[in-house]
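Mind docking chains B and C on chain A? Use the hints.
Residue numbers (our numbering), protein chains in the order written: chain A, 2 to 307; chain B, 3 to 326; chain C, 4 to 577.
Accuracy of the hints is not assured; some may be wrong.
Pairwise CB distance ranges (calculated) [to be verified]:
1. C:D389 to A:R34: 20 to 26 Å
2. B:W130 to A:L47: 23 to 29 Å
3. A:H196 to C:D389: 58 to 64 Å
4. B:L134 to C:A282: 37 to 43 Å
In case anyone wonders, no lab produced these hints; they're calculated from the structure.
Beta carbons: idealized from backbone N, C-alpha and C, even for Gly.
One-letter residues, chain by chain:
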Amino acid sequence: MSELTLNDAVAPSARKMTEAAPLRVLIWRRFLRHRLAVVAIVVLGLVIASAVLAPLSRYEPTQQNPANALQPPSPQHWFGTDDLGRDVFTRTLYGGRISLTVGLSATLLSLLIGVLVGMVAGYFGGFADNALMRITDGFLTLPTLFVLILIAALLREIPALGLTSSVLIVIFVIAVLSWMWPARIVRGEFLRLKHRDFVLAAENVGAGHSRIMSRHILPNTVSLIIVQGTLLVAYAIITESGLSYLGFGVQPPTPSWGNLLATAQTYALRAPWLMIFPGLMIFITSMAINYIGDGLRDAFDPYSAR
Amino acid sequence: MRTYFLRRLLHAIPLLFVLSIVLFLVVRSAPGGPLAQAERNPNITAEQREQLRARLGLDQPLHVQYITWISSVAQGDLGRSIKTNRPVAEMIGERVLNTLLLVGTAFILTVLIAIPLGALSALRQYSWFDYLVTTFSFAGQSAPVYWLGLVAILIFYVWLDNPFTGGPLLPAGGMYTLGAPKTLADLIWHMILPVAVLCSTWVAWYSRFFRASMLETLNADYVRTAIAKGLSRRRVVYGHAGRNAVIPLITMIALDLPSVFAGALFIETIFSWPGMGRLFWEAARGRDYPVLMAIIMINAVLIILANLIADMLYARLDPRVRYE
Amino acid sequence: MKLNLPNTTHRRRIAITFILLVMAALIMAACGAPSAAPATGDASAPSQVVVIIPEEPASLNQYHAVAAIVRQVADAVSAPLAAPNAQGEFVPVLAAELPTVANGGVSEDYLTVTWKLRPDLKWSDGEPITSDDIKFTWEAVSNPASGNVLSLGFEKIASIETPDELTAVITYSELNQAYLQQFMYGILPRHATGAPEEMLQWAWNRNPVSGGPYVVTEWNAGESIVMDRNPYYYLEGQPYIDRVIFTIVPDPGAQMAMMAQGEAHVQLWPGEVKEVYDAQMNGMAALQEIPGQWNMTLFFNLSRPFDDDPGAEPPHPILGDLRVRQAIAHAIDYETIVTAVNPGVIETATPFAYGWYQCDQERKYPYDPEAAKALLEEAGWVEGPDGIRVAQGAAYAEDGTRLRVQLNGYTNFQQLVKLEEALAEMFKAVGIETTIQNDDFSIIFGSFDDGAPRQLGNFDILVYDTSLPMEPHASIANTYMSTAIPTADNPAGGNASRWVNARADELIRAAGATVDLDARRAAYCELSDLIATELPRLNLYLFTEGYGASNRLSGYEVNMWGSLSWDIQNWRLD
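Chain A with its partners taken away, still in its complex shape (with noise of 0.2 Å):
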């Protein structure tokens, strides 16, 4: 995270918004008056807790009993049982375990390459650029099917990653298939800023490309990616779900929220509470992330009217 204090005000968006108080206090105190984000903020504790406490649960995530397959939600199953029989509210804890590790990890890694690639393509400029943008536009016409293959064969051939390997395939996947985002948005940002009175004062003190881009641009660059992040956190765990319907997503049995909505639709018509609690997390933590995404814009925004 950056370190944002008084030193740093002479960057054009800190400039407006410092007066006594630090930053970060600054954009807390305003990130609280965004009421549906505090609201978001609990909301997505609340599903990571329960991911996190899904082992007290009393089934296991992988205990069967088809005998009694396909049952409505009772007081002995809350969401109801699968197809084989197994606990569904286990399984959706569960799920989440994987489904926020998915969509933390593979935004993590995105935004790893993004910026990387943003910073330096911005930045220098030039050939650089060019290349580095060609690159991109490049990865924008990929098809995804062949990608996923592809990363799946590849880690195919590491035995040692055993049982996790559908998970990190679907990590992989998702980060290749979306840092050229907010690599765009960081070349931008490092376009408009590397110009500004704050860098060149730098450069004339002597100070190294890098850290010229990393200690005084890409600071003023956190708010937007950070904004972006969350963005892409709702993005990949949309995106493994959608994966899971096509056939390629986290291999069974371990659950995900994806493949817990994928496995169900063929069941919609008689157990439609397969499809509906699944569905309803995955709706759930998108909106709330968006929510604190929307609260983070704001408290980042100098000029929020809040």
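Okay, now just chains B and C, sitting in the frame of chain A:
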């Protein structure tokens, strides 16, 4: 600036060439092959499968296959599908209009709905209307589209009835009622659900995006100055702020236009719409390489063009942007 | 550069006009909808049956159709001389009678077969169907440039004589055991097709001049194939249904909804067991099923995976030991699988589960978890702290190796996933850890050069369904012979388990050298016993085959040897 774009247009040609190699390699080095269905057919012997491979030229080294393919593409021949033996161009031709109809309609509706929605919610920031629009747009982004599609089918096809006929309120899919004459009314009736589901996601993105850029321009110095100078709020909003806020939106539209060709796989699958998304997916699942490569390359050309157009529009509309 | 946006009032006018247009369209649609909906219950209205198919057939020419979907649709327009009925017996269709030795249709040496057509047969364009069309079919299909890939024995035909319009005398250069099957995929009209070497591109392939009950009226790419009755069909008054529409609906949820609402009458391959399917249909439709050809099987890899050697050696660290395979067989609760996991499927312990070569095979290693544990202990796999076993003196695995196997199946098939998940739990109960990896269809069934794990030997246990044709020898030889192990030199080999067994080779050679069906069957059944003992594979159950059918539909019969549309001329709608 004109030379800049001419140069980029020229650069696009080697880029496409390199891309064609990369995409060919990506598609061909992924495991799996087009003869899996033959493998499953008990009446086809192993020997015949190998003959089939030879006939399709799949036994040639990869670079030979690439050269064969690219030289026929350079002559304007996209080849024939492995699966159907029909010209690829013909197969794409059958589907592209359907996709244009579905995705294009949804796209136009999205823009028409999202601009006023985004503008109003920016102008009335933090009003109940703004909260409503925000909530709606977050909701639209938060549900997997295939889930939304199936829920829509459950509600409007399975659960709700048409009060006049007692039949389902809306059809489950397809373009026309089966066995009935093809009428415009019937077509529109079939488009309601898929277009609505598509729009719900897109309007969400677009209104949100436009709200943000509207807010940014409303807070920009020149707008504040204009208001301070006593210009009417209406004139400032529509004349200055609106116009500038539209710029990024237009570039975003340009960037999204290739999807009108590529189609919408999930929607087309759920609603049995015979569009490009499904053609591509079926070709991908069956490794129908000629169809696959044709769609991928057309799409690549469109994406590169769209990027170029977006940058060009940006440069034309926003005087602050300079390209050397 | 200025952006010339229209002024606001103008824009508003555009917006209002647009909204009005949309509203008008919606009203039109709402009014149009009722009239567009198919009329029901009206006796005078033409009858219409809607058949849901999950994918589009590439062509209706069965001679270059590799995908199973083609025959399901094409039988409605094709003209076989004879075809198998639901009991697996050949019955004459366009032929006046089946050629046999008794009626003189087949010579004593089985090398001459005489087909006689029914009199006064006509193609759907009114032209007569003659013996010359039979001859043309042979000419076209046996042409190497025709693109035919099915092995139907056309290459064994030396000549066809047509002494009169109704008689075709076929002379074989070598024995074709499946001579009745020869024209099962229909004869081709010489006058309405084209040159044999252009067969792949015939317009006929998608709009055939038909000798079957229906003709194609409309083919809407990716959406539907509309067929109307063939006015020249040979059976008086048939087909009973005026119009059949094959509609392509890829999503299983949408398919179910259309069946449950009564909009569609037949749903091909629901991929769902009867119990669950019927419950979803609420009495509107039911799954009609019979024991099918598809045999769900576990294929053990006896060779080490990922060693860049597709051959048989060195042995698989875990599955190379017979005792481990036996333990796996003992660990499976077959009863639960066929009654609760996928209720309705039919348990079988042999690959030869139907047809004239059917074998009664006992399970050598029935469900017995205690025996499984004992075998694993004996094989040097001892229980670790988390219940999963680790190697300690195992035959091929280093000490400390976890007893972990991967089940490898294909995607988008819910029954298969359920089976894998159930197996994983059963394996866990005896201390075997299981992962599941389901790949794309075209990966699992890809070829050697496509990098298919099955051909390269990069798997532990494959799980999928296989089938055998009515004449199974070529397939059996390419599956169990030690010479059929896939390698770079033999990329099409089908011995995925890498099983090397001298006795098996001997039995298969013996069966291939005789025409005596009883002797062949005896050899196959001994092979079956060997397979059940040595466990290169473990047969689990036969799928049921069939389709969901509306309760308004009658007259159909599910046929494991035929397609969905084999008896479409007999269907009736109430």
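Outcome of the hint check:
{"no.": "1", "hint": "C:D389 to A:R34: 20 to 26 Å", "in the structure": "violated (50 Å)"}
{"no.": "2", "hint": "B:W130 to A:L47: 23 to 29 Å", "in the structure": "holds (26 Å)"}
{"no.": "3", "hint": "A:H196 to C:D389: 58 to 64 Å", "in the structure": "holds (60 Å)"}
{"no.": "4", "hint": "B:L134 to C:A282: 37 to 43 Å", "in the structure": "holds (40 Å)"}
This entry does not satisfy hint 1, going by the numbered hints stated previously; all others are met.
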